[in-house]
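Protein chains: 2
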Amino acid sequence: MTNQSPSAPPVAVTYADIASASERLAPVANRTPVLTSRAFNTITGAEVFFKAENFQRVGAFKFRGAYNAMSRLSPDEKTRGVLTFSSGNHAQATALAGKLLGVSTTIIMPKDAPRLKLNATRAYGADVILYDRSEESREALANELAQERNLTIIPPFDHPHVIAGQGTVAKELLEKTGPLDMLIVCVGGGGLISGCAITARELAPHCKIIGVEPDAGNDGVQSFRAGKLIRIDTPNTIADGASTNSLGEHTFAIIHSLVTDMVSVPDAALVRAMRFFFERMKIVVEPTGSLAAAALMEEKIQARNKRIGVIISGGNVDAERFASLMQT
Amino acid sequence: MTNQSPSAPPVAVTYADIASASERLAPVANRTPVLTSRAFNTITGAEVFFKAENFQRVGAFKFRGAYNAMSRLSPDEKTRGVLTFSSGNHAQATALAGKLLGVSTTIIMPKDAPRLKLNATRAYGADVILYDRSEESREALANELAQERNLTIIPPFDHPHVIAGQGTVAKELLEKTGPLDMLIVCVGGGGLISGCAITARELAPHCKIIGVEPDAGNDGVQSFRAGKLIRIDTPNTIADGASTNSLGEHTFAIIHSLVTDMVSVPDAALVRAMRFFFERMKIVVEPTGSLAAAALMEEKIQARNKRIGVIISGGNVDAERFASLMQT
Chain A
1 MTNQSPSAPP VAVTYADIAS ASERLAPVAN RTPVLTSRAF NTITGAEVFF KAENFQRVGA
61 FKFRGAYNAM SRLSPDEKTR GVLTFSSGNH AQATALAGKL LGVSTTIIMP KDAPRLKLNA
121 TRAYGADVIL YDRSEESREA LANELAQERN LTIIPPFDHP HVIAGQGTVA KELLEKTGPL
181 DMLIVCVGGG GLISGCAITA RELAPHCKII GVEPDAGNDG VQSFRAGKLI RIDTPNTIAD
241 GASTNSLGEH TFAIIHSLVT DMVSVPDAAL VRAMRFFFER MKIVVEPTGS LAAAALMEEK
301 IQARNKRIGV IISGGNVDAE RFASLMQT
Chain B
329 MTNQSPSAPP VAVTYADIAS ASERLAPVAN RTPVLTSRAF NTITGAEVFF KAENFQRVGA
389 FKFRGAYNAM SRLSPDEKTR GVLTFSSGNH AQATALAGKL LGVSTTIIMP KDAPRLKLNA
449 TRAYGADVIL YDRSEESREA LANELAQERN LTIIPPFDHP HVIAGQGTVA KELLEKTGPL
509 DMLIVCVGGG GLISGCAITA RELAPHCKII GVEPDAGNDG VQSFRAGKLI RIDTPNTIAD
569 GASTNSLGEH TFAIIHSLVT DMVSVPDAAL VRAMRFFFER MKIVVEPTGS LAAAALMEEK
629 IQARNKRIGV IISGGNVDAE RFASLMQT
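Which chain is which? The protein sequence lines are A and B, in order.
This note's numbering puts the first residue of the first sequence at 1, with every later residue one more than the last.
This note's numbering puts the first residue of the second sequence at 329, with every later residue one more than the last.
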């Protein structure tokens, strides 16, 4: 199933928005480390810098966008509370941002979301509402509930203030590494790559931006090639953070204008990358967070002799789920 | 089976040896990060600083001692090559140090050593000789081979230059954190805790030093209580780095004189601590590396309101082995 979207709106985020998000985040977000691995450089023939957002608060970059967007709400909106929908990381991010900002949060999550993400979201004090991914549209459910309860929606990716928050990931990376030849970013709804592309255009204008999706959820690749927003059925992939139906209108417009290429990798490559991170780098990376590294390991991207930034988007994977993935 | 050892020799390592090891290591070893976790502080009621030696080269602190000892060999000893015996991390450490220093290495490893450790040791170019842990004495085998091949033995812990190298772990930690109330260190042969205790006496004289062993391998606890070196049969524990038969003569003398207390924890507590590191801190810690954290989580140590250093000794655990541990 593919639909054509209405023509995309003009890009609604500037680097000034990202710089301002950066100041707003400085007192609360972790400035996550930039890691290197001799073994990974040997395998790929490149010099790779990993921006490790698995060490971000809530275990994923999503905290940046959610906190930035929520901190920009009016006092009245803050008092009424916010609502969002998410397969997991944006849920936790919204819940924690709400706790820090004193804003009540209602979060629509799929019934089959990873246990770790469900539990953490509840632990931050959010009101969690479960839905069936295969039967209900989370957007429709969200709109209905938001109206009924008079809540402001903070969507997981397609919002200028969310995108601006995510762009601070590339800002911190490029401030640490200097200009790079290439920046490789996983793509679900496209919030992270959109923000990072805007940052890179400012701080490293010659840096190529490559997006990576799971093969099963390659709506972004399709949209990028077709030059229009393409929507797919809910994909079946272990990369739960990239099991989106489509990019957003804002994110597609930015990707269409600023991204160099989009590629996809099979789920088995994500397992191999997760094992590499675990055994050689001693870090825990969730399937979606392994997309960019997997594309390099699978030689989907020409990397030899280049200086490359790889964004590790998050590390939220149950020990049990990791165990079963390693034994497949 | 318990034996009494001959009376321990005087402490053969000074803080000056550790400071000098630190200079020798600076160009080659990683200055590993000091990590904190809001969740761990909440659980324990303490302010805990984790020195993450799982991010050290070869994935464990052992690189420090092996490199320091080997770099202090005479030109003639370097030309003839070295021999060692190890359940794993010291093996990899010796192999890598040999590669960096241009010294050939022969390493006696148990047949049942973790695959990751065996493979990595071979990959660094060492000549690996396997033995049966239950049937042969590795020390006897090592002495025989060393004589036959004219090699210098670099033992895994009971050597002043090895101990001095390991002491740099606490030096880096205390330089970062300032004085601590307590330093908690895992104990196998006692090289790490010995070096760290000497450092702490110099840099944080009021800091209590606590050693932690697996219940099944509590020879150090027994020796500490008895005031004499006690040897046990090869313990059956998942903490392969702490499955030693006894402390060494040097390490026992230092522990007896400088350590505040020794405790032990069950293997199940190590699995719980590994899961915490994995799910909440997104880092991979091997069973032995989890001993100190496990002692805090199990409330074996009074920690509330104290500033505590915890040493994570290493992160070398196969993904498969981790998976099977998580499913026990």
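Rather than coming from a laboratory, the hints here were simulated on the basis of the structure.
All of these numbers come straight from a predicted model, not from anything done at the bench.
All C-beta atoms, glycine included, are put in the ideal place defined by N, C-alpha and C.
Just so you know, not all the hints are guaranteed correct.
[As the list claims (entries may be wrong)] Dumping the calculated DSS-like pairs for lysine-lysine here, alpha-carbon to alpha-carbon at most 30 angstroms:
hint, chain 1, residue 1, chain 2, residue 2
1, B, K504, A, K176
2, A, K306, B, K427
3, B, K427, B, K439
4, B, K634, B, K536
5, B, K406, A, K99
6, B, K628, B, K556
7, B, K536, B, K556
8, B, K536, B, K628
9, A, K99, A, K208
[To be verified] Computed Cβ-Cβ distance ranges for the label pairs, DEER-style:
hint, chain 1, residue 1, chain 2, residue 2, range
10, A, R304, B, S652, 45 to 53 angstroms
11, B, T656, A, T79, 45 to 53 angstroms
12, A, H206, B, T370, 41 to 49 angstroms
13, B, I457, A, I43, 26 to 34 angstroms
14, B, A367, A, I153, 27 to 35 angstroms
15, A, P179, B, I481, 25 to 33 angstroms
16, A, E135, B, T370, 36 to 44 angstroms
17, A, R304, B, T407, 52 to 60 angstroms
Each hint tested on the structure:
no.: 1; hint: B/K504 <-> A/K176; result: 21 angstroms, holds
no.: 2; hint: A/K306 <-> B/K427; result: 27 angstroms, holds
no.: 3; hint: B/K427 <-> B/K439; result: 23 angstroms, holds
no.: 4; hint: B/K634 <-> B/K536; result: 11 angstroms, holds
no.: 5; hint: B/K406 <-> A/K99; result: 60 angstroms, violated
no.: 6; hint: B/K628 <-> B/K556; result: 23 angstroms, holds
no.: 7; hint: B/K536 <-> B/K556; result: 21 angstroms, holds
no.: 8; hint: B/K536 <-> B/K628; result: 15 angstroms, holds
no.: 9; hint: A/K99 <-> A/K208; result: 37 angstroms, violated
no.: 10; hint: A/R304 <-> B/S652: 45 to 53 angstroms; result: 37 angstroms, violated
no.: 11; hint: B/T656 <-> A/T79: 45 to 53 angstroms; result: 49 angstroms, holds
no.: 12; hint: A/H206 <-> B/T370: 41 to 49 angstroms; result: 45 angstroms, holds
no.: 13; hint: B/I457 <-> A/I43: 26 to 34 angstroms; result: 29 angstroms, holds
no.: 14; hint: B/A367 <-> A/I153: 27 to 35 angstroms; result: 29 angstroms, holds
no.: 15; hint: A/P179 <-> B/I481: 25 to 33 angstroms; result: 50 angstroms, violated
no.: 16; hint: A/E135 <-> B/T370: 36 to 44 angstroms; result: 38 angstroms, holds
no.: 17; hint: A/R304 <-> B/T407: 52 to 60 angstroms; result: 37 angstroms, violated
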